Each structure stands twice: as structure tokens, then as C-alpha cells.
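Assemble the whole structure, with the sequences as input and the hints as a guide.
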Amino acid sequence: MATIKEKEQQIISEFENFDDWMDKYNYLIEMGKSIPQIDESQKVESNLISGCQSRVWLTAYMDDGKLYFKGDSDAVITKGIANLLIRVLSGQSPDDIINADLDFIDKIGLREHLSPTRSNGLVSMIKQMKFYAMAFKAKKAKQQ
Amino acid sequence: MATIKEKEQQIISEFENFDDWMDKYNYLIEMGKSIPQIDESQKVESNLISGCQSRVWLTAYMDDGKLYFKGDSDAVITKGIANLLIRVLSGQSPDDIINADLDFIDKIGLREHLSPTRSNGLVSMIKQMKFYAMAFKAKKAKQQ
Amino acid sequence: MYQTTNTGYNLEKIRKDFPILQQEVNGSPLVYFDNAATTQKPLQVINAITDYYHRENSNVHRGVHRLSVMATESFENVRQKIAQHINARYSHEIVFTRGTTESINLVASTWGKKNVKKGDQIIISAIEHHSNIVPWQMLCEEVGARLRIIPVDDAGEMDLEAYRDLFNEKTRLVAVNHISNTLGTINPVKEIVEIAHDNDIPVLIDGAQGLPHGSVDVQDLHCEFYCFSGHKVYGPTGIGGLYGKEKFLEEMPPYQGGGEMIKSVTFEKTDYNDIPYKFEAGTPNVAGVIGFGAALDYINNLGLENIKKHEDELMHYATTELEKMDGITIIGKARNKASVISLLIGDIHPYDAGTIIDHFGVAVRTGNHCTQPIMDHYGIPGTVRASFGLYNTKTEIETLLKAINKVKEMFG
Amino acid sequence: MYQTTNTGYNLEKIRKDFPILQQEVNGSPLVYFDNAATTQKPLQVINAITDYYHRENSNVHRGVHRLSVMATESFENVRQKIAQHINARYSHEIVFTRGTTESINLVASTWGKKNVKKGDQIIISAIEHHSNIVPWQMLCEEVGARLRIIPVDDAGEMDLEAYRDLFNEKTRLVAVNHISNTLGTINPVKEIVEIAHDNDIPVLIDGAQGLPHGSVDVQDLHCEFYCFSGHKVYGPTGIGGLYGKEKFLEEMPPYQGGGEMIKSVTFEKTDYNDIPYKFEAGTPNVAGVIGFGAALDYINNLGLENIKKHEDELMHYATTELEKMDGITIIGKARNKASVISLLIGDIHPYDAGTIIDHFGVAVRTGNHCTQPIMDHYGIPGTVRASFGLYNTKTEIETLLKAINKVKEMFG
Ligand SMILES: Cc1ncc(COP(=O)(O)O)c(C=O)c1O
Ligand SMILES: Cc1ncc(COP(=O)(O)O)c(C=O)c1O
Numbered sequence: 001m002a003t004i005k006e007k008e009q010q011i012i013s014e015f016e017n018f019d020d021w022m023d024k025y026n027y028l029i030e031m032g033k034s035i036p037q038i039d040e041s042q043k044v045e046s047n048l049i050s051g052c053q054s055r056v057w058l059t060a061y062m063d064d065g066k067l068y069f070k071g072d073s074d075a076v077i078t079k080g081i082a083n084l085l086i087r088v089l090s091g092q093s094p095d096d097i098i099n100a101d102l103d104f105i106d107k108i109g110l111r112e113h114l115s116p117t118r119s120n121g122l123v124s125m126i127k128q129m130k131f132y133a134m135a136f137k138a139k140k141a142k143q144q
Numbered sequence: 001m002a003t004i005k006e007k008e009q010q011i012i013s014e015f016e017n018f019d020d021w022m023d024k025y026n027y028l029i030e031m032g033k034s035i036p037q038i039d040e041s042q043k044v045e046s047n048l049i050s051g052c053q054s055r056v057w058l059t060a061y062m063d064d065g066k067l068y069f070k071g072d073s074d075a076v077i078t079k080g081i082a083n084l085l086i087r088v089l090s091g092q093s094p095d096d097i098i099n100a101d102l103d104f105i106d107k108i109g110l111r112e113h114l115s116p117t118r119s120n121g122l123v124s125m126i127k128q129m130k131f132y133a134m135a136f137k138a139k140k141a142k143q144q
Numbered sequence: 001m002y003q004t005t006n007t008g009y010n011l012e013k014i015r016k017d018f019p020i021l022q023q024e025v026n027g028s029p030l031v032y033f034d035n036a037a038t039t040q041k042p043l044q045v046i047n048a049i050t051d052y053y054h055r056e057n058s059n060v061h062r063g064v065h066r067l068s069v070m071a072t073e074s075f076e077n078v079r080q081k082i083a084q085h086i087n088a089r090y091s092h093e094i095v096f097t098r099g100t101t102e103s104i105n106l107v108a109s110t111w112g113k114k115n116v117k118k119g120d121q122i123i124i125s126a127i128e129h130h131s132n133i134v135p136w137q138m139l140c141e142e143v144g145a146r147l148r149i150i151p152v153d154d155a156g157e158m159d160l161e162a163y164r165d166l167f168n169e170k171t172r173l174v175a176v177n178h179i180s181n182t183l184g185t186i187n188p189v190k191e192i193v194e195i196a197h198d199n200d201i202p203v204l205i206d207g208a209q210g211l212p213h214g215s216v217d218v219q220d221l222h223c224e225f226y227c228f229s230g231h232k233v234y235g236p237t238g239i240g241g242l243y244g245k246e247k248f249l250e251e252m253p254p255y256q257g258g259g260e261m262i263k264s265v266t267f268e269k270t271d272y273n274d275i276p277y278k279f280e281a282g283t284p285n286v287a288g289v290i291g292f293g294a295a296l297d298y299i300n301n302l303g304l305e306n307i308k309k310h311e312d313e314l315m316h317y318a319t320t321e322l323e324k325m326d327g328i329t330i331i332g333k334a335r336n337k338a339s340v341i342s343l344l345i346g347d348i349h350p351y352d353a354g355t356i357i358d359h360f361g362v363a364v365r366t367g368n369h370c371t372q373p374i375m376d377h378y379g380i381p382g383t384v385r386a387s388f389g390l391y392n393t394k395t396e397i398e399t400l401l402k403a404i405n406k407v408k409e410m411f412g
Numbered sequence: 001m002y003q004t005t006n007t008g009y010n011l012e013k014i015r016k017d018f019p020i021l022q023q024e025v026n027g028s029p030l031v032y033f034d035n036a037a038t039t040q041k042p043l044q045v046i047n048a049i050t051d052y053y054h055r056e057n058s059n060v061h062r063g064v065h066r067l068s069v070m071a072t073e074s075f076e077n078v079r080q081k082i083a084q085h086i087n088a089r090y091s092h093e094i095v096f097t098r099g100t101t102e103s104i105n106l107v108a109s110t111w112g113k114k115n116v117k118k119g120d121q122i123i124i125s126a127i128e129h130h131s132n133i134v135p136w137q138m139l140c141e142e143v144g145a146r147l148r149i150i151p152v153d154d155a156g157e158m159d160l161e162a163y164r165d166l167f168n169e170k171t172r173l174v175a176v177n178h179i180s181n182t183l184g185t186i187n188p189v190k191e192i193v194e195i196a197h198d199n200d201i202p203v204l205i206d207g208a209q210g211l212p213h214g215s216v217d218v219q220d221l222h223c224e225f226y227c228f229s230g231h232k233v234y235g236p237t238g239i240g241g242l243y244g245k246e247k248f249l250e251e252m253p254p255y256q257g258g259g260e261m262i263k264s265v266t267f268e269k270t271d272y273n274d275i276p277y278k279f280e281a282g283t284p285n286v287a288g289v290i291g292f293g294a295a296l297d298y299i300n301n302l303g304l305e306n307i308k309k310h311e312d313e314l315m316h317y318a319t320t321e322l323e324k325m326d327g328i329t330i331i332g333k334a335r336n337k338a339s340v341i342s343l344l345i346g347d348i349h350p351y352d353a354g355t356i357i358d359h360f361g362v363a364v365r366t367g368n369h370c371t372q373p374i375m376d377h378y379g380i381p382g383t384v385r386a387s388f389g390l391y392n393t394k395t396e397i398e399t400l401l402k403a404i405n406k407v408k409e410m411f412g
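Residue numbers (this note's numbering), protein chains in the order written: chain A, 1 to 144; chain B, 1 to 144; chain C, 1 to 412; chain D, 1 to 412.
To be clear, the hints were calculated from the coordinates, so they are not data collected in a lab. All figures in this text were calculated on a predicted structure; none of them were measured in a lab. Do not rely on the hints blindly, as some may be mistaken.
Straight-line distance between alpha carbons at most 27 Å, and here's what the computed DSS-like set of lysine-lysine pairs gives [unchecked claim]:
{"id": "1", "chain 1": "C", "residue 1": "Lys13", "chain 2": "C", "residue 2": "Lys402"}
{"id": "2", "chain 1": "A", "residue 1": "Lys24", "chain 2": "A", "residue 2": "Lys139"}
{"id": "3", "chain 1": "B", "residue 1": "Lys24", "chain 2": "D", "residue 2": "Lys117"}
{"id": "4", "chain 1": "D", "residue 1": "Lys117", "chain 2": "C", "residue 2": "Lys118"}
{"id": "5", "chain 1": "A", "residue 1": "Lys130", "chain 2": "D", "residue 2": "Lys245"}
{"id": "6", "chain 1": "B", "residue 1": "Lys130", "chain 2": "C", "residue 2": "Lys263"}
Quick look at the structure:
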């Protein structure tokens, strides 16, 4: 399994192929549309991260010491970016997730979507992912 | 007895003699100091017009259809200007007092002391003088 | 250069007054269609603020020195100018606040707390901005009163028959907006006030969008309160006002405590100042007030009727063109509308649409526009909103149409 | 040209940053000694406001378009800058308000109403600004609590022994000023907080005069709340802030209702936003915030220590010279004093003195300085107050001394 850094680098390379913003967004839309990530039955209040502009749903589970995420959003671009984040963080260890700085978002020119004041739900989604990582880590520590 | 306009003109002429602001203020100070207008015993709450910067006391009485004022202030310049106002309005009929526009204050260059926001009490004093005039007029009308 | 049938309205010259419009965004000229959120400022306003700081900045009221006298005069002149602009009877009926939101809160926390009791009712409409909902909700919660809602039909118009029926012996206040920031509906406020007065109930009007779009005459409207923001009418941020009928302001308890709003203070007893000062505790936003005055001068120089005519022209043009396009739903079709258009592009999420439109340099707003209940009414998460100001052009609308076509293409 | 022992403090250059200081008043160069009322603004601040309106003006938060993103970033950067400036732990501990007065009112009407009940007591001092008296009086009146007053001695210092004795099981809050605007006393706020905390009581500090005169470290002070105004620290009017410890802000009910401060609104139920937004209803004074940030940059560039050293020098020079003159009484002689001098000239009324001094182009303040109780304590109607800022000079003080001599001559 590739590390977070390796996966980030992969995505950065993919985005380097795009000449203009429209190609980039078309790719995001593609990703947002093509990958259904979460069951409709899981789109419930408790999995909802409300942003003022768009809504994000997130679920997580632990398997063999790694954390896996599924996500969705009512806005396609938000969903596309959410999927990039999930691609990078899903399947990693809680510690790596907690420490990830995710600056690839910056490098591929989508920083503004992660502004805390954009309220598309993505900033809260990252917080929630790290929160899950901390929670699973604490649970594991207790069990040992 | 001179009319209000005549008295205003008199004061304007007096002030035309002054070359600079200092002479003008010296004259005001003179007037403020030399003319004790009101009995100490009358400097009571009910005669007080409170300004935030200086305090003004005012009393009034009616004699033979004319209204007479006495006034005082804890600040000398305020007192000087108060005395100018009294000189002009005292001994006039209620109607003339109500209608007086007192623009001589402007002409002798003391307008800023009569700004409603200067709060030396002078604006309220003029209001109070006109209020007395209206009250005495109403009383007289009733008696007839 | 710019098409307009509005002779005498020199759009080219007007646009030069707004430095921000000369800017490029994402390589395209900025098209600013977010005027309902806030308007851009002409040089006349910016310069008035600069001049104030260069020449007379000082704390107002009670100073004996020259700067303070000058600043106070400029400050109070604007109060008078606003009073004239909305035809208030007295300038002391104008209270300076941070903006519409604070004006409404002021009334809720002074007049409201004195007059609204347990079991009482306050009437608002289904098409209010959060700023004209939440203060009343908070008041209701505190005293145990409740809100009654004037329903709104699908066109975005209030149901006046239903409104009439809401009155009963528990009604204490009607609070409605003059013009909806989301749908553009120009509400029949004069009639609303008349009906309320037939029931002896006072009316507060949220005029945030009323002041920018035509002339306001509070004596003609007969409303008890009218609330407005400077930044929505080409003035600075951080300043606005509350008009209140003298008698109402007189009887209201004070708002915030502090300097300016008192006559005398001892630890035992404090005497409050006269209106409007009773409601203006602390150092006011003097530069903001000066800029607000310059903004009113600016629009009055252009002519309120001219501005309205221009904006209406833009709105009708945009509406006609949008209705020609496939898959566009315009939300809000009141007969009497100001220059605000809310729309949906197919079932494309407003956030997606707004993101793409931004890349064409066009600033539209997306989301619920702080009017969530009316979004819930339509069953939608939000809209894309284009709102036009006095400097916008038909060419700019064409750019928007192009961007919308691109959105359809990309998400189609 | 300007004498100063403060090497590296280039007064001549600094003065060029302040366009208003180039002005004449009554034929003499303006001498601005009313800095405790409000300070003048450097070009850096004025330009920041102008730039903002020229380049990024937009409503903040929640917009997806470029201007809104830019404005929001600039806006939030200033929040962070302020947090750093006063060493707050988190930037969400900074709430934007109109100024100190509103910050105090905010705490009184949220934290206060929740925590102060009938019979409770609030401790303030005899030397507070009306803005730190009246909000507590209003709160006390509403809930049936009462004020306890820390006495002040003739030098203008609080009696800490008496303060200690004021605490009892009914005490709920201590609210005191950092630096007195009338007497210049720098109060021992750290010790005051310690004593309060020994009694488990939170402390609000009125920092209106604290922020302009030295560095403030809220974590070192350990205070629960710290209130300040932008316009007193070379920033614009209409903007200020409240620092509150996270835990306190979290637990406080919201302040005003409206846009920005909510997460979701239905007519049945409203969810409030996180701190600090919960307390920031309505469109904020964005340009004011930007200018405030520029002001902090400006004083930090000069160096807080340098400014303080310069101001202290002016104050000591003025004090020494005034003490040499006959018939001058300086009111307030605390050992630890900021650059504020209140004085009486014989028994000449302050209004008379101020009027004459103004004719020399010197702006001093006269009156009770919104601190009537301390005037009552001294049994005087007011004082003449000269307060120095970072741009003042010894030459200017000499002009003041000349004017005072003239006052003595004219009223002698
Ligand atoms: C000590 C003190 N507290 C409070 C205030 C009130 O500040 P503002 O008027 O900016 O709200 C001032 C200034 O007037 C002050 O000097
Ligand atoms: C109809 C309406 N009411 C109230 C407001 C609130 O105005 P402000 O944010 O200036 O307080 C707005 C603007 O956001 C509005 O459009």
C-alpha cells in the first residue's frame, strides 16, 4: 500500500496533465459522478457534516489496524474533492492520518475549496477523519 | 426699549471693535465676571440646565407683559455668552422672544458655542427661554 | 458603448467611479452580481472616508476643540441627510447602528422586552432574512411568546388574506421585509402597515434591500420602525441605521450602556440621554457615518428613479434571456420585483454552478442567502442568485449567460 | 529636528505618516493631545481601507466567488493577528465588536444574564469609564444584583486591601479597567485577577486604554475577558474586539440574532454557530477590521517598547514642566502611569480653559471624560486632559504650556 505522501504525489502528477481549470474541474466532476461511495441508507443525520454551501456524509471503519472511509456530497465538485481526500487517507494507519498535512490540495490548486470559511463541509470532513483516527487509536490503546 | 434686532445690532457693533479672538474673549470674560446675575439661593436643581461641559442656571419672571431673565454659569465664557443672550431677550414680549432667531451669535463668531453638541448648556438655555415665553403667553391667554 | 434606453444615465462614466470594477478575476473582467450581499463603493465614498481621516478625525460630541466640533458637525449632518432621504419627521428619529441586523436586535431587546409578554405573538413572514427571524425567536424564547408566519405563495408573494387572519388580541408586532434579498419580491409594505394599524399594532420594516432600490418615505409608509444598512446602498461597512417614530423611541428603554448614552452617572443612579443618543453607547463609527452620507449624495445625484429604471431594465433583460434557456428555473416570480434573480440550473447543485461561474469572473451568490425557511418552502438547498446594481451592464449579463451555458455543459 | 533620547525612533518620519498632523487650526499647527479619546490614523491604515474598497470589497464568509474568498481571508487573518498581538491561545477567542463599549455590553447581556442572579454582586472600581459602569448597572437593575466599588485613593490608585474584602459568596464578576483614561493610572490587573481567581471569580478587563500603551498578554494576565477598541490604537472607528477564554465563550448564550451567527434556521428551532461567529450577527465592519489589522502592523513595526518609551518621555517632560508652574494641580499621581495628564488651572473652569487652549491649535479634552464618579470623588466638575500619542513632540508640549499660561493670564 502506498503511503499518504506517495498517493498525494500520484494525484499531483495526474493534475499536472491539465492545461486549464476547465479540464481540472471536468476531472473532478468525473470523479464526483462516477464513484458512488456511500449507501443511501447511510446518508443519515449522524453521518452528516453540514456545510452551509454543500453537505458531506462520511463513514469510517477499522480493519487490520487501518482506517477506511466512505464519503459523499450533494455537490459534485465537493464530492470530487472528498474522493481525493478519501483516496489519500483511506487504508492508512490512524497515526499517519493524524499527522497528514494534505498540502497536495494546495499544490493542485484547490486550496480555496478547503478554506474554513467556504463552508462546503470539506474542512469539517478532514477534521472528522482525523477525529475518527484519534478515536480508533484510543480504543485500540485501551484494548491492549 | 430697543427691539431684539436693535440690541443684536448693538452687540454686533461692539464686537466689530475687536481685532482678534483674544480681545473678544477678554470682553466675554469681563462680562462673565462683572455681572452677577442670579442669587446663590436660586442656584437650585430646578433652575439648572445641565450641559456636559458647563452648567447654566436660569430664572424668569413676567412684568407688565414683558419677560425678564436672570442667568449664571459655572464657566465664565458660558456666562458671558449667556449674558449676551439675556441682554437681548430680557424685557421683550413673549411673542418676540418666541420668534427671535438670534443669529447675532453667528455674526460675532461664537456660533460654535451654540452647537447642540457642544453641551455647555447654552442651546438648552435658549430652548428654556423660549419655553418660558410660550408658557407665560399661554397663561396670559388663559387669564383673559 | 453600454446599451441603455435610459437617456441621461451615463453608464460608462458611472463605472469609472468604481475602481473595483476595473479589476480582473481569473483573467476575465470582474462581473459583480452580488449586490444584494453588499454593493461596491464609488470613489466619492472612499474619498469621503479618506478625507475624514486626513482632515477632521476626532471623537464626536462634547469636545471643545476644533477637530471635535468639525467631526461632530459632519456626523450630525449625515443624520439629518438620512432623515431627509427617508422623509423622517425629525433627525432625532434616526439612530446609528452597525446595520440592519443590529437595528432589528435593538428594537427586539428594548421595545420588544418592554412590550412582548408571555403568550403574546409576533407576526413575521415566510420570506424573511435570518436577521428578521432570529432576534424575534430569541425574544419569544426569553419571554414565552411565539411567532406567527405570513405564508408566501410559489411566486414569492405574501398572502395578505392569511395575514389579516393572523391578528388577534395577543398580537404585539409585525416585522416584515420591504424587498426580499432572495426572491426580489417588493412587498406591499404600505398595505401591510395599514392592516396592522387597523389592528392597532406597530410595524417594523427590514429595509436592508428597500433603501438600495428606490425611494423610501417612512411617513407615507407610516411604519413605526425602518431598518437599513449603509453597505447595501454603496456606503461603507459597519454602519447602518434605525428609523423609529419619536414617540416609540422616547418610550423605549435604553439599549447598550456606556459613554454617550447617559446624562449623568453615579453608582446609585444613572440618567439616560435624550433620543437618539440614548441608543448610541460608545464611540460611534464616525468614518462610516461620513461615508454613508457620501453614498446617499452619490445615489441622489444619479437620481433614484434613474437607478431604478436602469436596474429594472437589467432584470427584465436577464429574465427574458434566462427564460429562453432550457432547464433554467427562476425561483420567485412576484409581479412587483427588484433586481434580484434567484435560479436553478437543471438539478445542478448551486455550489457546483457558483464555482464554475466564478471562473468566468462572475460573482454570484449561491446557497440559502440567509433565508433558509423560504428554501425549505421550495424544498431546495439553495439557489444561484444574481443581483444587479447601478453599475451593471447588459454585456455583463451576457457573460453570466455564457457561464451558465458552460455549467450546463460540464454537469449535463 | 525633534528632541528625543529614544534613538531609532524617527519622530520626523513617523509624523509624515499622519496627514492630519500637517494641518493648521486657528492659524497654528494642529497639536493633537486628545489621544485618549481617539487616535489619528497613519497613511498605512487609511490606505489599507482604500485598498480594500478598491480591490476586494465583498461580503465575507460563505461566498464561493473570488472577491468573497479574498475578503474573508483578509478578514480572518486580522482575527489571527489580534490573537497573536494579545497572545490569545486561539483566534476563535477573538470576537469582533464595534468597540470596547459593545464588548462590555456583550458580556453583560450574555454571560451576565446567565450567571448573575438576584442578590448577587459585581465588583467594579471607583475609577471606571461609564462604559464599564452602566452596562453592569443595567444588568444589576434587571436581575436585582448590586455593584460593589473598589475605592481609589487621592493618587488615583485602587485600594487592593479593600478590594480583597469585597469578595463574598455573592460575588460573581470583577470588571476593572487596565489603564484609566482620566488619570492615566496603570492598574495592577495581574494582581487583581489573581485575587479574584483565589476567590474563583472571573475577571473582565476594560482594555480600551491598555492596548494603546504597551504590550498585552491575556494568557499572562489570566483574565477571562479583555475588551478593546481599534480607534484608540491608531485604527479605524467602528471596530473593536472582545477576547474571551474559549471555555467562557463556548458556554455563553448568543448575543444578537441574525445572519452569520446561526447554523440552521427553521421557524421552530435555530442552531447557533460555533464561536466566535455565534456572537457576530449581521454583516461585519469588514473595512474596519482590515484597517485595524494595518494599525497593529504599524505599531508593531515601530515597536511597542519604543512607543511606550517615547510616550513616557513626553509625559515626564510635561509633568515636570507643569509642576514648575504656579497654580497647576495635576489630578492623578499614580506611581505607575500611562501618558495621560489630567489637570486643573487654578480654579478656572475646564470649559473656559479648553476654549482658550483650542485657539492655540491645541486639542485637549475637557469635562468629566465619561468618568463622572471619579470626578465626584475629587469634588470637581471635570479636568483639562492632555493625552499623548506616538507622534507627539516636546515642542507641542511647549505650545500647550504657552496656552496654559495665556489661560492663567486671561482668567487670573
Ligand atoms: C477606559 C475606557 N473604557 C471604555 C471606553 C469606551 O471605548 P469606546 O468608546 O471605543 O467603546 C473608553 C474610551 O472612550 C475608555 O477610555
Ligand atoms: C432582507 C435583508 N435583511 C437583513 C439583512 C442583514 O443586513 P446586515 O447584514 O447589513 O445587518 C440583509 C442583508 O444581508 C437583507 O438582505
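Hints versus structure:
1. C:Lys13 - C:Lys402: With Cα atoms ~26 Å apart, Lys13 (chain C) and Lys402 (chain C) stay inside 27 Å; holds.
2. A:Lys24 - A:Lys139: violated, 40 Å
3. B:Lys24 - D:Lys117: It is violated: about 58 Å lies between the C-alpha atoms, which goes past 27 Å.
4. D:Lys117 - C:Lys118: holds, 21 Å
5. A:Lys130 - D:Lys245: holds, 25 Å
6. B:Lys130 - C:Lys263: holds, 22 Å
In the structure shown, a violation is registered for the earlier hints numbered 2, 3, in ascending order.
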